[in-house]
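Given chain R, work out where chain G should sit, using these hints.
These protein sequence lines are chains R and G, in that order.
By the working numbering, the letter at position 182 of the first sequence is numbered 239, and the numbering carries on one by one without gaps.
By the working numbering, the letter at position 88 of the second sequence is numbered 102, and the numbering carries on one by one without gaps.
Keep in mind that the hints were calculated from the coordinates and are not lab data.
A couple of the hints might just be wrong.
[Claimed, not checked] Short, incomplete list of chain G residues facing chain R, as computed with Cβ under 10 Å:
#: 1; residue: L44
#: 2; residue: G68
#: 3; residue: L186
#: 4; residue: V189
#: 5; residue: L190
#: 6; residue: M194
#: 7; residue: V212
#: 8; residue: V285
[To be verified] Here are the simulated lysine-lysine pairs, BS3-like style, with alpha carbons at most 27 Å apart:
#: 9; chain 1: G; residue 1: K248; chain 2: R; residue 2: K337
#: 10; chain 1: G; residue 1: K164; chain 2: G; residue 2: K248
#: 11; chain 1: R; residue 1: K175; chain 2: G; residue 2: K291
[To be verified] To be clear about the criterion: a stretch of chain R counts as covered by chain G if any three or more of its residues have a C-beta under 8 Å from a C-beta of chain G, and this derived list gives those stretches:
#: 12; region: 73–80
#: 13; region: 177–190
#: 14; region: 246–255
#: 15; region: 316–322
The C-beta atom is built at its ideal place from N, Cα and C for all residues, glycine as well.
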Amino acid sequence: MAESRRIKHRKTVSYAKWAYIFIIPFFVSYILFTLVPQLLTIYNSFFENYMNGLQQIGPNFVGLGNYKALLSPGQSGTIDILKYFGNTMALWILGAVPQFLIALMLAVIFTSARLNIKGQGLAKAIIYMPNLIMASAFSMLIFALFSKVGPINKYLVASGIIEQSFDFLTVKVSVRSLIALLNFLMWFGNTTIVLMAGIMGIDQSLFESAEIDGSNSIQVFFDITLPLLMPILSYALITSLIGGIQMFDVPQVLTNGRGTPNLTSTTVIMMLNNFLSGSKNYGRAGAVSVLLFIITGILSTIVYRMLAKQYKD
Amino acid sequence: MTIANSSRSRKAKAQLFILRVLAYLFIGILVAMCLFFFVMLLLMSSKSNSQLQGAFSLKWGGHFLENLHNAWNDASTNIPRGMVNSFIVAMSSALITTYFSALTAYGIHVYEFRFKRAIFTFIMAIMMIPAQVSAVGFIQLAYKFGLTNKLWLLILPGMAAPVVFFYMKQYLESVLPLEMVEAARIDGSSEFRIFNEVVLPIMKPAVAVQMIFSFVSSWNNYFMPSLLLTKPEKRTVPIMIAMLRSADYSKFDMGKVFMFILLAILPVMLVYAVLSKSIIKGVTSGSVKG
Numbered sequence: 058m059a060e061s062r063r064i065k066h067r068k069t070v071s072y073a074k075w076a077y078i079f080i081i082p083f084f085v086s087y088i089l090f091t092l093v094p095q096l097l098t099i100y101n102s103f104f105e106n107y108m109n110g111l112q113q114i115g116p117n118f119v120g121l122g123n124y125k126a127l128l129s130p131g132q133s134g135t136i137d138i139l140k141y142f143g144n145t146m147a148l149w150i151l152g153a154v155p156q157f158l159i160a161l162m163l164a165v166i167f168t169s170a171r172l173n174i175k176g177q178g179l180a181k182a183i184i185y186m187p188n189l190i191m192a193s194a195f196s197m198l199i200f201a202l203f204s205k206v207g208p209i210n211k212y213l214v215a216s217g218i219i220e221q222s223f224d225f226l227t228v229k230v231s232v233r234s235l236i237a238l239l240n241f242l243m244w245f246g247n248t249t250i251v252l253m254a255g256i257m258g259i260d261q262s263l264f265e266s267a268e269i270d271g272s273n274s275i276q277v278f279f280d281i282t283l284p285l286l287m288p289i290l291s292y293a294l295i296t297s298l299i300g301g302i303q304m305f306d307v308p309q310v311l312t313n314g315r316g317t318p319n320l321t322s323t324t325v326i327m328m329l330n331n332f333l334s335g336s337k338n339y340g341r342a343g344a345v346s347v348l349l350f351i352i353t354g355i356l357s358t359i360v361y362r363m364l365a366k367q368y369k370d
Numbered sequence: 015m016t017i018a019n020s021s022r023s024r025k026a027k028a029q030l031f032i033l034r035v036l037a038y039l040f041i042g043i044l045v046a047m048c049l050f051f052f053v054m055l056l057l058m059s060s061k062s063n064s065q066l067q068g069a070f071s072l073k074w075g076g077h078f079l080e081n082l083h084n085a086w087n088d089a090s091t092n093i094p095r096g097m098v099n100s101f102i103v104a105m106s107s108a109l110i111t112t113y114f115s116a117l118t119a120y121g122i123h124v125y126e127f128r129f130k131r132a133i134f135t136f137i138m139a140i141m142m143i144p145a146q147v148s149a150v151g152f153i154q155l156a157y158k159f160g161l162t163n164k165l166w167l168l169i170l171p172g173m174a175a176p177v178v179f180f181y182m183k184q185y186l187e188s189v190l191p192l193e194m195v196e197a198a199r200i201d202g203s204s205e206f207r208i209f210n211e212v213v214l215p216i217m218k219p220a221v222a223v224q225m226i227f228s229f230v231s232s233w234n235n236y237f238m239p240s241l242l243l244t245k246p247e248k249r250t251v252p253i254m255i256a257m258l259r260s261a262d263y264s265k266f267d268m269g270k271v272f273m274f275i276l277l278a279i280l281p282v283m284l285v286y287a288v289l290s291k292s293i294i295k296g297v298t299s300g301s302v303k304g
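Chain R on its own, in the form it takes in the complex (with noise of 0.2 Å):
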């Protein structure tokens, strides 16, 4: 008994040692690429360092400069970071909230027992498509047909509808409903297949119970669909914040990274960017980006409790 205890022992130590040989590429990888990053972007933030054309300022030590310098209000009596932050919220609200209703609606036609839709195959490959084509190819497609003198306004004038070529970049309204169209069409797909795997999940009996009562869809949908399938709903919306809070390439390309206009539309990374291509700021793009782990931080350990949650089922 005790023999044999210590050669199973034996077996499963040396067996550990595989465990290590196998996730150590990961982890070396993990630290190089991404924890040492991390690490200098937080040390980063305290200093001041940038190029002032050729010449290079710092590093020198500025404590809390950075975050103070951001948080506090510029020469047009604004506060940047909150503007683009602003900026930034306002424009996923706009795309997510057509996202979420359209997706929610899809996903309850398609898993309609009743309703029985054919070519379902076919229309969510469709509606899952423009997920895969590339954010700044799809940007500059927006932009080129809706330009001043794109094929979207020479029909608009030639149909009457407007009396002269609207220019969509140069009016907030427009701009910002361009990038929120660019934004639905992208993920509206996406979140409908989750949701209807989500209602899929859902036990059947509890409609066929619903049905046997006298229930109509509409009741079915609010007593039942809604509140079993919220946990998939929020974990949804959260990770849908979590990427809208990083929305980049698409207000990047179709303003040429100028949020037109009037900075309306340049959003928090996009912020982040400009500091890191021009002069190489790397003390204020390294407070942006720990005030920005902060705010997705909190956001992901939601997230990360409701995967947790739903991994020890």
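Relative to the frame of chain R, chain G by itself:
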């Protein structure tokens, strides 16, 4: 009684019919919206610059091959070079990401070891941290060590992909019987051979789906490459597309621009046309435990 019943059921049938029509209409509108932009792209890429400058028309322009030729041979954009660079990065990332994620998932799944739970919890926790948070330090190090314009710097970080790891781990739990590993051990296979020759083939469906997803996300990636790849001959496709946006439009051949966009999305569209079913299946199994 029976008359009332049958009239009620007729009414219900009529109602269902209307609901069905509305449902198909709703789906049809959304499908049309998704297709609209691609149809427009195809149509516009068939038009010459003068056709595009002229009056709007929905007719096929007939200059598709000419635009393709012009776009392909445009020396200042050099789209073939961009596509080769993008392909190298996307393909290598896809291979590296899936292989090492599967390996890590296997290591944590089959072996009993001291920090098993801790390591698993740790990987789950870092899963949602956005890539941009490490960007500042990453860019700074790349410049410091002269590693800008090195394509491998965009590939190797793929070895640590928590999301792919999580997917592989779930897949292993549902398909891999531990007895199979035991049996291979009794046959005298080494642990590495067991993974490569027994486990990896079993994981083929999961590996395929994740390869596609990581290929696509790498092919479409714009933020990091645009900050790291400064030399024209190292640029990837998204950088080239974004640069078109800053060009002077009065002097630009718009037919060529539409063709560039088409070329940029074409490889992914071709893959999708063939594998859409398994890709759509992969969307749900990755995010939600089914």
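Structure-based check of all given hints:
1. L44: holds, 6 Å
2. G68: Holds. Min distance 9 Å.
3. L186: Given a least distance of 12 Å, the restraint on L186 (chain G) is violated.
4. V189: violated, 17 Å
5. L190: violated, 14 Å
6. M194: violated, 15 Å
7. V212: violated, 14 Å
8. V285: Hint holds; V285 (chain G) Cβ to chain R Cβ min 8 Å, cut 10 Å.
9. G:K248 to R:K337: Since the Cα atoms of K248 (chain G) and K337 (chain R) sit roughly 21 Å apart, the hinted pair holds (cutoff 27 Å).
10. G:K164 to G:K248: holds, 8 Å
11. R:K175 to G:K291: holds, 16 Å
12. 73–80: That given contact holds, which follows from 7 residues of the region 73–80 of chain R lying within Cβ reach (below 8 Å) of chain G.
13. 177–190: Three-residue rule met by the region 177–190 of chain R, so holds; n is 11.
14. 246–255: Held - the region 246–255 of chain R has 7 residues with a Cβ nearer than 8 Å to chain G, which meets the minimum of three.
15. 316–322: violated (count 0)
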